[in-house]
Amino acid sequence: MTSFYDEIEIEDFEFEEDKQIYHYPCPCGDRFEISVEKDIARCPSCSLMVRVIYDLDDFQDDNDQGTTIDLGKESIAV
Amino acid sequence: MSQLQINKTAATFTSFNNHLFAFGSNTFGQLGIGSKSDSNLPTRCIFSNNPKDIFDFPPKIIVGGGNHSAIITHNEKSDSIDIYHRLILPEELSSSSKINWHHVTCGWTFTIATTQKGTSYIFGKGNFGELGCGKNVKTTNDQIFKISEITNFQKVVCGLRHCIGLTKEGICYGWGSNRYGQLGLLIKNLKEGEKKKKQNDNYCYFTPTRIEIKQINEEEKIIDVACGQNHSAVLTQGGDLYTFGLNKCGQLGYASPLKIQNCEIPRKVFNLPGSVLKISCGWNNTLLGKKNEFDEIDDTLNEKEGWVSKPIPLYFLPHTLSSLSKDVEIKDFVCGSEHSLCIKKNGEFYECFAWGWNEHGNCGTGNNIDQWMPIRIIPENTIIKGIGAGCGNSWIWTKK
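Taken in sequence, the protein lines are chains X and S. So the first sequence is numbered by the UniProt record's numbering: it starts at 1 and just counts up by one. So the second sequence is numbered by the UniProt record's numbering: it starts at 1 and just counts up by one.
Rather than coming from a laboratory, the hints here were simulated on the basis of the structure. Possibly wrong hints are sitting among the right ones.
So the derived label-pair ranges between C-beta atoms look like this [to be verified]: (1) S/I216 / X/K38: 44 to 54 Å; (2) X/D55 / S/E329: 26 to 36 Å; (3) X/S35 / S/E169: 23 to 33 Å; (4) S/E219 / X/I40: 43 to 53 Å; (5) S/S256 / X/K38: 29 to 39 Å.
Just so we're clear, the structure is a prediction, and the values are computed from it rather than from any experiment. We put the CB at the ideal spot given by N, CA and C, even for glycine.
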């Protein structure tokens, strides 16, 4: 059974442009990392992972013409 | 802990004169033990490249943040400061013997050190206003930055992305992220259009802002503050406790997370059988010390869904840690990110106990199994002088 350390909203993640990844602090001192569009962020230094919560509004442009990502399409095997 | 491990630990402790030992997460060398490997047994800290260079001065305070740690050492002439990794102290501050350091706190990517006189210096970077030096300062590089508005800080403590400074007069100032109300400042009211622009600006405070704490009893002086990942606790002279911020795990100590998810107004914690003497916050929990007793609010012993596959109840009201038997003197306790340490007096000696998340060996037990009950981690007959904890790591300082 998979269990998560926490559930974190995507807007709480910080974006690192060089690597094109989102990251959030892990209690071990390292960072949970995910690339765009994934919904499970892992820490490279330990076994913990967090589920990423997306607010679909975040994926819309200011002029509301952006596309919405269907998160249901991509299932991630853990 | 097997007898073999205890003997090994004992050997480590008796073969050196040094006073400081570290264990736990060490990806960037933040333990200060001369390597970048985790250690699940207390390992001697090294303070220079020369192994014979014995660290003579007792540590005054040691804390850990995101992959870095800081220590203030005390000698007769001055209190000096060392910060390990990621941060290099500007020479003007590190070499100055004129500065007496009083307190230091490590956030995620920043460190704040306060002098005896009450000036707080900031090192590192922060996008959420953690540096407290205005909207334009997001990294300090090699420059010296200090909080210029307030010069009489007793201490500054920080959570992941927020800071609370307590002045010698007992006034609290907050800066950084207030996303969950962890600064006790009102969440800004924004119009729909504003919300979309730049999210950080909506809830971040970039300069110290006074926190109003409406006390129920007559105005008592605030004597201590502590910050968790996204919550904060304030202690008054009379032993009252006020909490605010995120309550996802019940860490505020007065309501179920199902009822109150977060609270931006400092609220008094009732249901405490006596007055509180000391507080410490982990990332998602709060520890309180009372006379001869010991309380923990919320995800007690890290009994939280995440690294266990069974449902675990959250403790959202304070309850006594009965496993640390009563009628003993708890000398000190400290919360790491998801584990805790305490020093308990047993006869003439002090014993150190640890519990919680232990993936990196941060409970010092010689293994990496999570500790659901406090476990004694170092041999008897060692005089334990103090403890420190950070993100998945711990320090113990001892005297032979």
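Status of the hints after comparison with the structure:
Against the hinted window of 44 to 54 Å, the Cβ-Cβ separation of S/I216 and X/K38 comes to about 47 Å, which satisfies the hint. Here the CB-CB span from X/D55 to S/E329 is close to 50 Å, at odds with the stated 26 to 36 Å. For the pair X/S35 and S/E169, the supplied restraint of 23 to 33 Å is violated, since their beta-carbon distance comes to about 49 Å. As the Cβ distance of S/E219 to X/I40 is approximately 48 Å, the hint placing it in 43 to 53 Å holds.
Restraint check, S/S256 to X/K38: a C-beta distance of roughly 32 Å satisfies the suggested window 29 to 39 Å.
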